[in-house]
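2 protein chains.
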Amino acid sequence: MTAIILCNPQMGENIGAAARAMQNFGLNDLRLVNPRDGWPNESAIRMASGAFDSMPTPTIYDTLEDAITDLHYIFATTARTRDMVKSCFTPEEAANESHKKTNQNIGILFGAERTGLLNEEIALAQAIITIPTNPNFSSLNLGQSVLLMAYEWSKHSNQVTPAVEQEQTPATQKDITAFLKRLESDLEEGRFFREENLKPTMVKNIQNIFTRNNLTEQEVRTLQGILSALRGNKTRK
Amino acid sequence: MTAIILCNPQMGENIGAAARAMQNFGLNDLRLVNPRDGWPNESAIRMASGAFDSMPTPTIYDTLEDAITDLHYIFATTARTRDMVKSCFTPEEAANESHKKTNQNIGILFGAERTGLLNEEIALAQAIITIPTNPNFSSLNLGQSVLLMAYEWSKHSNQVTPAVEQEQTPATQKDITAFLKRLESDLEEGRFFREENLKPTMVKNIQNIFTRNNLTEQEVRTLQGILSALRGNKTRK
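So the sequences go chain by chain: E and W.
Under numbering that gives the first Met the number 0, read the first sequence as residues 0 to 236, first letter to last.
Under numbering that gives the first Met the number 0, read the second sequence as residues 0 to 236, first letter to last.
Heads up, some of the hints might be wrong.
Stated by the list, open to error - Taking lysine-lysine pairs in the DSSO-like style, the calculated list, with each CA pair at most 30 angstroms apart, reads: (1) E/180 to W/154; (2) W/180 to W/154; (3) W/99 to W/154; (4) W/154 to E/100; (5) E/198 to E/173; (6) W/154 to E/99; (7) E/180 to W/180; (8) W/173 to W/203; (9) W/198 to E/85; (10) E/154 to W/99; (11) W/100 to W/203; (12) W/203 to W/99; (13) E/154 to E/100; (14) E/99 to E/154; (15) W/198 to E/180; (16) E/85 to E/198; (17) E/173 to W/198; (18) E/85 to E/99; (19) W/180 to W/198; (20) W/100 to W/154; (21) E/173 to E/203; (22) E/154 to W/198; (23) W/203 to E/173; (24) W/173 to E/198; (25) E/203 to W/99; (26) W/154 to E/154; (27) W/180 to W/203; (28) W/173 to E/203; (29) W/100 to W/180; (30) E/154 to E/180; (31) E/180 to E/198; (32) W/100 to W/173; (33) W/203 to E/180; (34) W/180 to E/198; (35) W/154 to E/203; (36) W/198 to W/99; (37) E/173 to E/154; (38) E/154 to W/100.
Derived from the structure by calculation, the hints contain no laboratory data.
Let the hints inform the model, and build the full structure from the sequences given.
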């Protein structure tokens with residue numbers, strides 16, 4: 000289980016964006032510590048595009064300590080390198096690390112929009128996550144930071160299914176060879192191979208164009224049709 | 000070089016969010032195809048939080064084809080599995096793949112907010128990227144999708160470029176388009192398209208055969224030669 004904990008979030012919009020990002024990537028446990036504008040919050044609900052309908056209600060706490068009592072391992076997200084001796088991970092490393100901790104409850108802390116996490120908040124975490132950004136343009140907002148974290152976490156989750164491969168029937172080698180033979184003979188007739196000694200290389204190069212892209216049965220039929228159309232015209236004249 | 004191409008973006012805010020995400024993660028080449036609200040755009044500039052000050056001015060195009068002439072390998076981002084046979088990558092796989100193609104100009108296409116990329120836009124790409132999301136809550140907005148892509152791309156930006164493949168010069172999209180246009184017109188003449196209403200789908204399927212295998216410059220010349228040989232015969236008669 001992984002919980003997202005927003006410490007003193009200021010804008011409802013960012014809470015909504017965080018919820019939306021969590022739902023996009025299969026995280027469900029949102030905890031709010033002392034949200035400035037209270038809870039529930041209209042702006043949050045508007046920004047969440049329905050995310051709150053499909054996840055448990057966020058839980059609200061007065062203090063960060065209260066919010067993390069059931070957690071075993073906590074990451075603090077921070078943009079700046081801090082003068083603290085803790086393990087420091089990229090989001091990817093943190094997700095990998097977290098995934099190894101089977102049966103542990105994991106928390107990821109995010110600070111207030113203006114200040115980020117305070118040192119005393121970071122002190123409660125076991126490790127730090129820093130998102131590597133362009134040093135000349137490093138500002139990520141709260142919603143974006145949660146999005147990137149949830150995205151990395153989802154790579155280990157089964158709830159998020161990758162795009163499915165096509166179920167088109169691939170062409171057999173026999174179909175492809177038949178097409179290539181016909182093409183070769185048509186090209187022969189069209190005096191494509193000007194120099195006999197270069198022909199084997201040219202044939203090989205042409206084969207290469209059509210063999211390396213996993214043609215489907217239907218595509219080979221299309222290519223056959225193309226040959227007929229291009230050549231057939233000649234016959235018809 | 001990697002370009003982010005927004006096809007028919009509707010909201011200035013999303014263009015601004017895309018620019019900001021690009022700058023966060025070190026991408027600089029933003030191309031806009033036919034932005035609905037014109038360019039420059041106040042909402043975009045406001046949303047970009049200064050990103051436009053530190054990157055080259057976005058370039059504007061009337062058509063997607065114009066926007067990709069100098070590119071060698073193009074990814075189309077799409078949420079749905081399409082009935083098209085192309086390589087399909089996660090953002091991470093695509094970034095890895097892209098990183099191997101040293102000296103190639105890479106493009107990542109994003110569709111309009113409401114519709115996503117159209118099939119004829121996707122047909123111009125060599126491969127598809129799908130961000131794996133929670134199937135029950137999969138809507139990512141344009142800015143978020145660009146953010147995730149730029150984030151994955153940035154993982155390679157500090158790393159030493161590996162020794163790589165490809166001594167062959169890849170074809171530009173311009174070369175490929177020229178070949179496809181000629182093929183289409185030859186097929187038209189050869190009465191390949193029996194039914195006018197099926198033509199767009201057939202053209203798209205044919206494009207797909209030739210765009211997904213990363214043709215080299217030499218191969219496109221060979222394909223042009225093949226067309227001449229097949230058709231030229233007719234002329235000579």
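Against the structure, the hints come out as follows:
Of the pairs offered as hints, the one joining residue 180 of chain E and residue 154 of chain W is violated, with about 45 angstroms between alpha carbons and a cut-off of 30 angstroms exceeded. For the hint pairing residue 180 of chain W with residue 154 of chain W, the CA-to-CA distance comes to about 38 angstroms; that exceeds 30 angstroms, so the pair is violated. Only pairs whose Cα atoms come within 30 angstroms are accepted, and residue 99 of chain W paired with residue 154 of chain W is accepted, the gap being roughly 13 angstroms. For a cut-off of 30 angstroms, the pair hint linking residue 154 of chain W to residue 100 of chain E stands: about 24 angstroms separates their Cα positions.
For the hint linking residue 198 of chain E to residue 173 of chain E, the alpha-carbon distance of about 22 angstroms falls within 30 angstroms, and the restraint holds. Proximity of residue 154 of chain W to residue 99 of chain E is assessed by CA-CA distance (about 22 angstroms); at most 30 angstroms being required, the pair is judged to hold. Simply put, residue 180 of chain E and residue 180 of chain W have alpha-carbon atoms about 25 angstroms apart, close enough for the 30 angstroms limit, and the pair holds. Between residue 173 of chain W and residue 203 of chain W, the direct Cα distance comes to roughly 17 angstroms. Compliance with the 30 angstroms bound is thereby established for this hinted pair.
Distance hint between residue 198 of chain W and residue 85 of chain E is unfulfilled; the C-alpha atoms sit about 62 angstroms from each other, more than 30 angstroms. Only pairs whose Cα atoms come within 30 angstroms are accepted, and residue 154 of chain E paired with residue 99 of chain W is accepted, the gap being roughly 22 angstroms. Restraint check: the Cα-Cα separation between residue 100 of chain W and residue 203 of chain W comes to about 26 angstroms, which is no more than 30 angstroms; the hinted pair holds. A threshold of 30 angstroms between alpha carbons decides the hint, and for residue 203 of chain W with residue 99 of chain W the separation of about 28 angstroms falls inside it, so the pair holds.
The suggested pairing of residue 154 of chain E with residue 100 of chain E holds, with an alpha-carbon distance near 15 angstroms, which does not exceed 30 angstroms. Taken as a hint, the residue 99 of chain E and residue 154 of chain E pair is honoured in the structure, with Cα atoms around 13 angstroms apart against an allowance of 30 angstroms. Pair hint residue 198 of chain W plus residue 180 of chain E holds up; C-alpha atoms about 27 angstroms apart against a cutoff of 30 angstroms. With a CA separation close to 66 angstroms, the supplied pair residue 85 of chain E and residue 198 of chain E exceeds the 30 angstroms bound.
Annotation: proposed proximity of residue 173 of chain E to residue 198 of chain W holds, straight-line Cα distance about 28 angstroms (limit 30 angstroms). Pair hint residue 85 of chain E plus residue 99 of chain E holds up; C-alpha atoms about 18 angstroms apart against a cutoff of 30 angstroms. A hinted pair counts as satisfied when its Cα atoms are at most 30 angstroms apart, and residue 180 of chain W with residue 198 of chain W qualifies at roughly 13 angstroms. This hinted pair checks out: residue 100 of chain W and residue 154 of chain W have alpha carbons roughly 15 angstroms apart, not beyond 30 angstroms.
The straight-line distance between the Cα atoms of residue 173 of chain E and residue 203 of chain E is roughly 17 angstroms, inside the 30 angstroms bound, and the hint therefore holds. As the CA atoms of residue 154 of chain E and residue 198 of chain W are separated by approximately 40 angstroms, the hinted pair breaks the 30 angstroms bound. With a CA separation close to 25 angstroms, the supplied pair residue 203 of chain W and residue 173 of chain E stays within the 30 angstroms bound. At most 30 angstroms may separate the alpha-carbon atoms for a hinted pair to count; residue 173 of chain W and residue 198 of chain E meet this at roughly 28 angstroms.
Using a Cα cut-off of 30 angstroms, the hinted pair residue 203 of chain E and residue 99 of chain W holds, with the two alpha carbons roughly 25 angstroms apart. Annotation: proposed proximity of residue 154 of chain W to residue 154 of chain E holds, straight-line Cα distance about 16 angstroms (limit 30 angstroms). The hinted pair formed by residue 180 of chain W and residue 203 of chain W meets the criterion: a straight-line CA distance of about 12 angstroms does not exceed 30 angstroms. In summary, the hint linking residue 173 of chain W to residue 203 of chain E is supported, as the alpha carbons are separated by about 25 angstroms, within the 30 angstroms threshold.
With a CA separation close to 26 angstroms, the supplied pair residue 100 of chain W and residue 180 of chain W stays within the 30 angstroms bound. For the hint linking residue 154 of chain E to residue 180 of chain E, the alpha-carbon distance of about 45 angstroms lies beyond 30 angstroms, and the restraint is violated. Restraint check for residue 180 of chain E and residue 198 of chain E: satisfied, since their Cα atoms lie roughly 13 angstroms apart, inside the 30 angstroms limit. Between residue 100 of chain W and residue 173 of chain W the alpha-carbon distance is near 18 angstroms, which keeps this suggested pair within the 30 angstroms criterion.
A hinted pair counts as satisfied when its Cα atoms are at most 30 angstroms apart, and residue 203 of chain W with residue 180 of chain E qualifies at roughly 25 angstroms. A hinted pair counts as satisfied when its Cα atoms are at most 30 angstroms apart, and residue 180 of chain W with residue 198 of chain E qualifies at roughly 27 angstroms. About 38 angstroms separates the Cα atoms of residue 154 of chain W and residue 203 of chain E, which puts this hinted pair outside 30 angstroms; it is violated. For the hint linking residue 198 of chain W to residue 99 of chain W, the alpha-carbon distance of about 36 angstroms lies beyond 30 angstroms, and the restraint is violated.
Restraint check for residue 173 of chain E and residue 154 of chain E: not satisfied, since their Cα atoms lie roughly 39 angstroms apart, outside the 30 angstroms limit. Only pairs whose Cα atoms come within 30 angstroms are accepted, and residue 154 of chain E paired with residue 100 of chain W is accepted, the gap being roughly 24 angstroms.
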